[in-house]
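Colleague: Each chain, letter by letter, is given below.
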Amino acid sequence: MTLLTPVARRRSWGLAALFLLPAIILFAIFTFYPFLENFKTALYQTAPYPGLPSKYVGLSQATSILSSSAFLQSLTSTFLFVVMVVPLGLLLGLALAVAANKTIKGIGIFRIIFSSTVVTSVAVGAIIFGTLMNPIVGLLPWLGINPNPPLLQSPTWALPAVAAIAIWQFLGLSFIVMLAGLQALPDDVLEAARVDGAGAWTVFWRVTVPMLSPTIFFGVVVGTIYAFQSFGQIDILIGQANAQQFHVNVLLYYIYQSVGGTNPDPGQAAVLSIALFVIIMVFTLLQLRFLERRVHYAGR
Amino acid sequence: MTNKRFFAPVLLSLGLLASSVSVLTTQGAVAGAASLPKCPLSALNNVTAPVQIDFWESMPRANATEMTALTDQFNASQKKVHVNLVQQGTYDETWAKWQAGLTTGQLPAMAMIEDIYQQGIVDSRSILPVQSCENAAKFSTAKFLPRILAYFKINGIQQGLPFNVSTPVLYYNKQAFQKAGITAIPTTLAQVSAAAKKLKAAGLGAFALKLDPWYEESWLATSNQLLVNNNNGRTGRASAGTFNNSASVGMYSTLNAMVKSGLASTNPYLGSSAYDNLLGIGSGKYSMTIDTSAALGTISSVLSSGQYPNVTLGVAQFPSLTSSPKGAIEAGGAALYISKKAPAAQQAAAWTFMAFLDSAQSQADWAVNTGYMPIRTDAAALPTVTSYWAANPGYAISYNSMKQGPTTYASTGAALGPFGPVNNAIVTSLTSMFTGGAKPKTAVNSANSSISQILQSYNSRVG
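Just so you know, the sequences run in chain order A and B.
Residue numbers for the first sequence follow our numbering, so the first one is 13 and each next one is one higher.
Residue numbers for the second sequence follow our numbering, so the first one is 562 and each next one is one higher.
No lab work stands behind these hints, which were simulated from the structure alone.
Positions of the beta carbon are idealized from the N, C-alpha and C atoms, including for glycine.
Accuracy of the hints is not assured; some may be wrong.
Unchecked claim - Some chain A residues flagged as far from chain B (calculated, every beta-carbon gap over 10 Å): (1) Ala20; (2) Phe83; (3) Leu87; (4) Leu92; (5) Pro99; (6) Ala107; (7) Ser166; (8) Gly209; (9) Arg218; (10) Met223; (11) Phe289; (12) Arg305.
What the hints assert, rightly or not - Listed next, the stretches of chain A that the computed footprint assigns to chain B, with coverage defined by at least 3 CB atoms under 8 Å from CB atoms of chain B: (13) 53-59; (14) 63-69; (15) 149-163; (16) 181-191; (17) 266-280.
Work the whole structure out from these sequences, hints included.
Modeller: Rendered as structure tokens:
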């Protein structure tokens, strides 16, 4: 890069700012302003219907919501959900990717099938699984599996059932990411390991996985955000009236109910949104701090 | 301050005492009439082109077909008003859209809003009470069933005009009852349990308990028990639950025993599993259930397809909690509301359409095609209805139960702003008992304290 004179540098800064301006304006209006406004809303007890006055209550609203049993239940459900979805979704995705990373005739068909959930809408997926799990007309009772209460109506099993659907949905993306990672691995390193006498298992764990670690790390970050933001399956299969009693009221859904349900409470929604923001931020920072250290970026 | 705190409970208990003996004679049409806003009926007098109004409604399946038929009939019958029917999805979705419309200003002139949101729509200060239009039009409600009118009144003022009114009824499979040797149709919850036992012993499906808090609330109404204070929220905004009474504990105990002994299976009342109790009757998994009478039209059309040869549908009155009920069944369904923000001509147009929908002939047509009850005695006496009921006695059940029993604040049911969360609290307490092992009394008490907490937080927010 050539060195610029002070005048030229100033001019290029001005030009850069000009180009950035549209984006900055859009972000300011649709992201930064609402983000800051949200902190303000959290300090107000809002009326149950639009157009009625709000009351300033300071932090008391936040403390009472964050210490409520409903919030703690929601937090527990959220973490359990993430813990179920991310590792299983990535492991299965990796397994499918390894299976499909072969040069056999017709493997393309399997790759399409494995990645198809990426283009399946959440609603369609949820309804298909909902029908399979339906206790009256579903596949499960036909197979003789008929728990009482049914899977999607049980405080114990509803969350794992919804998580299973989320895993299935996430599998497509996880598969594509893993397969892309596998295909980008340099053959010479794998070849060298094999020549050195390492078995398939050893090659996989000692060479493939470490070299795949940037991909896996990427998958963990994306998967965690995906899991935190899961919504459609819960709304379609469980619904607002049942989310809390069946212990599937994950944080995002709790926020949705506070803002878009039949009993909106924007003040509560603001407090919960800030809580979710802090949680995702802490998670991402922790992942960057601890996981990224173990990631091995091969000489690329 | 100290005085207030001391007196409040005393006054409250006096109020409760009074309410438990009083019959709703004080809820006359004139109460509070002085402060009512004007209903601009004259705005329609000089219109040259039809006034277009949107009507948001939530009718599914067979009920939607009849809703469209009535609207078409109205549009063809006169030239001043044209109604555009807008199906907004479920009741909850219509209500959510109404609330969104309060911000955006996108509100229809007229909407069908579920009963449980009555106090909410009043508190949102977005409606013109239909009482105003009833007064302006000198509309007579003398032929209306009193408990239905009372159900849509708050502080004695008719807030919405009742239109589609139903009660829960007992649906059962006559063939299964015959196989199990049951001759007497259950009229109490205890008899439902006994019948379920016989059915199960005969190797047949037993009882499907849909976890719709409407039924628990109806059981309270049949026992003449209030759900909340301030006369079930009818004479002032409710501020505390009165759910922790012996009737509730008895009801919870019976339901718990049925679920625990496998005589009853549950399904949620909202979401994708809301019809599992009815589907289960079709598949033979269950032989009886409780559901709204409004489903009768749809059920009949499904059964008539011949897909279910093992089902002969029987309909009976909602079983009461005790054998000699002191109360009566409360109404359910929805009412029609007029938007406060709509232009005068549209408000007048909305009222004209409502009056048509509640005419005796419309109510008769509506009842025989849907399973909702005719809300007026003169509609029930029309040949349309009498001949249909003679051939299909199931359709008369909910009307007959609404004619029986006293009209008290308890049998009228509650009016609550946060009805959704209160319903959730009741369902959650039932689930905690069925799957969490909570004792009936503990479950009732926890539901009641949640209800009180929900009401207090709502009241402080609504100001």
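Colleague: If a hint holds in the structure, say so; if it does not, say that too.
Modeller: Evaluated hints:
no.: 1; hint: Ala20; result: holds (50 Å)
no.: 2; hint: Phe83; result: holds (14 Å)
no.: 3; hint: Leu87; result: holds (18 Å)
no.: 4; hint: Leu92; result: holds (17 Å)
no.: 5; hint: Pro99; result: holds (28 Å)
no.: 6; hint: Ala107; result: holds (31 Å)
no.: 7; hint: Ser166; result: violated (6 Å)
no.: 8; hint: Gly209; result: holds (56 Å)
no.: 9; hint: Arg218; result: holds (47 Å)
no.: 10; hint: Met223; result: holds (44 Å)
no.: 11; hint: Phe289; result: holds (24 Å)
no.: 12; hint: Arg305; result: holds (43 Å)
no.: 13; hint: 53-59; result: holds (count 3)
no.: 14; hint: 63-69; result: holds (count 4)
no.: 15; hint: 149-163; result: holds (count 4)
no.: 16; hint: 181-191; result: violated (count 0)
no.: 17; hint: 266-280; result: holds (count 6)
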